[in-house]
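My request is simple: use the sequences and hints to build the entire structure.
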Amino acid sequence: MNWNLFLTELVAGVTHGAVYSLIALGYSMVYGILKLLNFAHGDVYMVGAFVGFGIITVFGGAEALSVNVWVLLLVMLVCAMLAGGLLGVMIERFAYRRLRAAPRIAPLITALGVSFFLENAAQLVLGAQYQSYNSYGWKGGSLWTSGFNLPSGVHVGLPQIIAVVGAIVLMILLTWFVRRTRTGKAMRATSFDREAAAMMGIDVDRVIVATFFIGSALAGAAGVFNGLVYQQVWPYMGFQAGLYAFIAAVVGGIGNLPGAVVGGLVIGLAQSFSIGYISSTFSDAIVFAVLIAVMVLRPSGLLGRAAVQKV
Amino acid sequence: MSGTGDQVSTDGEHGSPNGEPLLVLEGIDTFYGPIHILQGLNLEVRAGELVCLLGGNASGKSTTLKTILGIVEPRNGTVRLEGEDVTRRPTSYRIRKGIAIVPENRRLFAPMTVLENLEMGAYLHGGGSKEDFERVYSLFPVLYERRSQLAGTLSGGEQQMVAMGRALMAKPKLLLMDEPSMGLAPILVERSFEIIKQVHEAGVAMLVVEQNANVSLSIADRGYVLSTGRLVLEGKADELRENEDLRKAYLGR
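Chains as they are written, first to last, in my numbering: chain A, 3 to 313; chain B, 992 to 1244.
Hints may be right or wrong, so weigh each one.
[Unchecked claim] Distance windows between CB atoms, simulated:
{"#": "1", "chain 1": "B", "residue 1": "Tyr1084", "chain 2": "A", "residue 2": "Trp178", "range": "29 to 37 Å"}
{"#": "2", "chain 1": "A", "residue 1": "Arg181", "chain 2": "B", "residue 2": "Glu1122", "range": "53 to 61 Å"}
{"#": "3", "chain 1": "A", "residue 1": "Phe284", "chain 2": "B", "residue 2": "Arg1066", "range": "55 to 63 Å"}
{"#": "4", "chain 1": "A", "residue 1": "Lys37", "chain 2": "B", "residue 2": "Ile1178", "range": "33 to 41 Å"}
[As the list claims (entries may be wrong)] To be clear about the criterion: a stretch of chain A counts as covered by chain B if any three or more of its residues have a C-beta under 8 Å from a C-beta of chain B, and this derived list gives those stretches:
{"#": "5", "segment": "203–210"}
{"#": "6", "segment": "219–232"}
[Claimed, not checked] On the chain A side, residues computed to face chain B include the following (Cβ under 8 Å):
{"#": "7", "residue": "Glu121"}
{"#": "8", "residue": "Phe194"}
{"#": "9", "residue": "Glu197"}
{"#": "10", "residue": "Ala198"}
{"#": "11", "residue": "Ala200"}
To be clear, the hints were calculated from the coordinates, so they are not data collected in a lab. We put the CB at the ideal spot given by N, CA and C, even for glycine.
Structure (structure tokens):
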């Protein structure tokens, strides 16, 4: 067995999976509360990635960073999450809120429209070309070399560690928020039964805004993590990532948060192993085959429960 | 808090300062699309009163509650709470004014624990104080034992207790109950109404919506009877119990 190939693809799969999981969480949270597939979610991730890129530029660019790397990373993450969160809240306020009582097809089409709007606006403002985080060039490449080695010579660089550990930390924070805080509990209640939540005095509009903010902030963070590892950002990066994250959410059981994380990992691993062992040409087909297989065997997703009767 | 040792207590005052009834519905017309559901409904609940709203299926009982809560908006008419016109106010505002509801079919948050369900009841009071929980647990000791269990896994009777406990966590001035006897075994119906009586005696005003006229009139002060969206009878509970029409229609004797 070729351990080098196996471990390389495993590391790549887990890293991709972490990014997909973070995006999928936002998909699932919004779906849980509004039963809306927010197809603009992938583009929030793109905006987060560009905000991170902007911060690098502000601090002198990859070759001549004027601040400590950790300070830079922190500023990038905070700004990308805030920008993502605010963008998500604006999308909800201006695109979806008026359509809340409309038939479900109307907000769905609107979501596609918002997605096109964001992609084209980004292209207009930022240009259509790829930009690069160049994170492996920061501080003379020390970020890359300061990782650790797996057996058989597979190197895991610091950017990958930051992405995976960062994603795990955010997921733990989200779990704590949803389980322990008043707003988090209100989110769960609203997601289960919006009308009953309103009967408790929960301001459902505010819960929906909080959901969009948090879900979109996670997507913004995912944009930064992806840029750190894979360097490239461009206006259409949200399309593929958003689609994969959506598949991840469905595979895990849409509306279910642990499911989104598991689904993200499954999709990330399926993608990288099919690239490594079969062919990069067919990796999309294989990812969709995983989706179809899961839908056939477990229609409500890996961790999703079959629609529970409300009693 | 009044500190009288009541098991269930209101926020201290039992009436509003100007002697206004707690709840007034005036000339309410509610439509679902083109269908005229409530037709010129007038109804009031005074502080500390137990009022029942009777009627068969599709008589507009649930719509009345939804109108009181602001889940549906009436086309005409006003909803007043303690004299304030809340007709255009959102549900959360009305809950904040001191309404709580035990909804039809209980509507518990099934994937959340009993404790979390109770916390949601006291959502506007920071999730409930230790005393709030103690009061509910003393009324329903089994809820204390079940507090970390998921609400959806409880039996029907226990779920009814969670629904009532959840509503009482809000320390309401006015408690709305939508069909508390529905889907419960006769023994549990009896227990349920005992608790309603107990809560009422502690000074909470109640509006109980029921199909079961016998039981509800036996504990109510006053009653209204709805039929296809119109009030057909109203009066003191004991007078209604003697009413010939009502007997024929609902009491089956």
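What hints, given by number in increasing order, does this structure fail? 2, 6 and 7
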